[in-house]
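Undergrad: Protein chains in written order, with our numbering: chain D, 1 to 240; chain C, 241 to 439.
Don't read these hints as lab results, they were simulated from the structure. The structure presented is a predicted model; accordingly, all values stated were derived computationally and were not measured. Careful, some of the hints might be misleading.
Here chain D is said to cover these stretches of chain C; the calculated rule only asks that three of the stretch's residues, wherever they fall, bring their Cβ under 8 Å from a Cβ of chain D [unchecked claim]:
(1) 247 to 258
(2) 288 to 301
Here are the simulated EDC-like cross-link-like pairs (lysine to aspartate or glutamate), alpha carbons at most 16 Å apart as the crow flies [claimed, not checked]:
(3) C:K426 / C:E376
(4) D:K228 / D:E200
(5) D:K228 / D:D186
(6) C:K426 / D:E46
(7) C:K426 / D:E44
(8) D:K228 / D:E78
A virtual CB, placed ideally from N, CA and C, is assigned to each residue, including glycine.
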Amino acid sequence: MNISDCPRLDDSAAYVLHAMDDSEAEAYRYHVSDCELCASKVTELEFVAGALLSGVPQMPAPPDLRARVMSVVRSEAELLQAAGAGADQPEKPRRASRFGWLSLRPLPAAALATLALALGLGAGSLLSGDDDPTARTVAARVNMATAPNAKAEMRMASGAAQLVVAGMPAPAAGRIYQVWLDHGDDPPQPTDALFSTNREGKATVQVPGDLKDVAAVLVTSEPEGGSKAPTSQPVITARV
Amino acid sequence: MRKDTSPAPAELRDLADEDLMPLVRRGEAAAFEVVYERHSGAAFSLAYRMCGTRAAAEDAVQEAFLSMWRSGARYDSARGSVRTWMLGIVHNRTIDGLRRSVVHERRRASDEGIEERFEARERTEVEVARLDEVQEIRDALQTLPPEQCRVIELAYYGGFTQTEIATMLETPIGTVKGRMRLGLEKMRAQLGGLREVMP
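For reference, chain D alone in the conformation it holds in the complex:
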């Protein structure tokens, strides 16, 4: 077959350069599955696209970025370790879940779900409260001398709650923010919701557990991996 035999051969470059929108890329992917010429060209050009990933002026990553990334990584690793040897075994086959991402790593699903939502990386609204008449947002009190402009609020809908913070510095090295449930009389109940904030001081955290009988949701700064009892005063208090 002559190279000019496929009128879509030029699309191969736009495809490997990610210059197609989603629908175009999907249509071309379907075409490639049935066109040897295009498949061959895509393979050939993917090598160049891979090289271009490195073809930029090189500079070191900021040191504080490493601290932020590793703080979260160490916390998750400790959770995995705490979950025991069985936690790093592949899960048994099960029915496909619409939450397929839960099986990406062998972390305990609940812990992973919480941590995955706790990164403040622009995941967008996790609660869809638009149609829920019980949906409400309450302002939370932030007590951080180093961040007088920090703000937090808790969004509740359909029995779930989400804590949204802004203007809050990342925890100090070796520390992590932990969410607690305060039932009033008893010591606060620990949760596995651990989080850091991004460079803009933002984070979105899914509050785990049932908020029934919970008087307030608290956030404290704790050693990486979290604590069983608070070791510092709350930096955020959200009255339920």
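Following the hints, put chain C in place on chain D, whose structure we already have.
TA: Same frame as chain D, now just chain C:
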């Protein structure tokens, strides 16, 4: 099953990326930190080239590395190096972020003089070799006819779609596609000896 002992940090640094990934998959934070040390500079450089601001680049790299940490099981050594896999994640995440942005006009960092604005530190032999390859790739791009170089940069580092590029340049989309393909084919010929970007 988890091993009773894990390699010491010094031993981890002697391991190849492909040998570190099984440890990362097992949840070894120290192994992941070595991978981060090796490739965070390249990741940040790529994100900065695409975003044009340090803050946005930092967020993109943070998101990409945490995604990599959680999805280590998806790395397939048969499909390329850890570095290329990781940079691909950074690229995809950054493009997603750029295309989500309300204001589509983005400032991109100029190539000129960027290296000089950051400290020159002592480099290892591996890093020097890597920089030589980086320069080879950049040379291959820069020696393309300007119109071909432009469309490739706008697409790959700018995150623009072919339709957007055609509009920006007031050029038929077919011409844009053709320039992209011709440009990549020329680069392919120039970089023929470079089978894999990084060791």
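Undergrad: Sort out whether E376 of chain C lies within 16 Å of K426 of chain C, counting only the CA atoms.
TA: Satisfied, since the Cα-Cα distance of roughly 13 Å is no more than 16 Å.
Undergrad: Taken at face value, is the distance from the CA of E46 of chain D to the CA of K426 of chain C at most 16 Å?
TA: At roughly 13 Å apart (the allowed maximum being 16 Å), E46 of chain D and K426 of chain C satisfy the hint.
Undergrad: For the pair supplied as a hint, K228 of chain D and E200 of chain D, is the alpha-carbon distance within the 16 Å limit?
TA: violated, 29 Å
Undergrad: Per the coverage rule (Cβ-Cβ under 8 Å, at least three residues), is the stretch 247 to 258 of chain C covered by chain D?
TA: Per the Cβ count (0), the hint is violated.
Undergrad: Starting from K228 of chain D, check that the Cα of D186 of chain D is at most 16 Å away, please.
TA: holds, 13 Å
Undergrad: Can the restraint linking K426 of chain C and E44 of chain D be considered satisfied, given a maximum Cα separation of 16 Å?
TA: holds, 12 Å
Undergrad: Three residues or more, CB to CB closer than 8 Å: is that satisfied between the stretch 288 to 301 of chain C and chain D?
TA: It holds, with 7 qualifying residues against the three required.
Undergrad: Take a quick look at whether K228 of chain D and E78 of chain D sit within 16 Å of each other, Cα to Cα.
TA: Roughly 14 Å separates the two Cα atoms, so the pair holds.
When each numbered hint is compared with the structure, violations occur for hints 1, 4.
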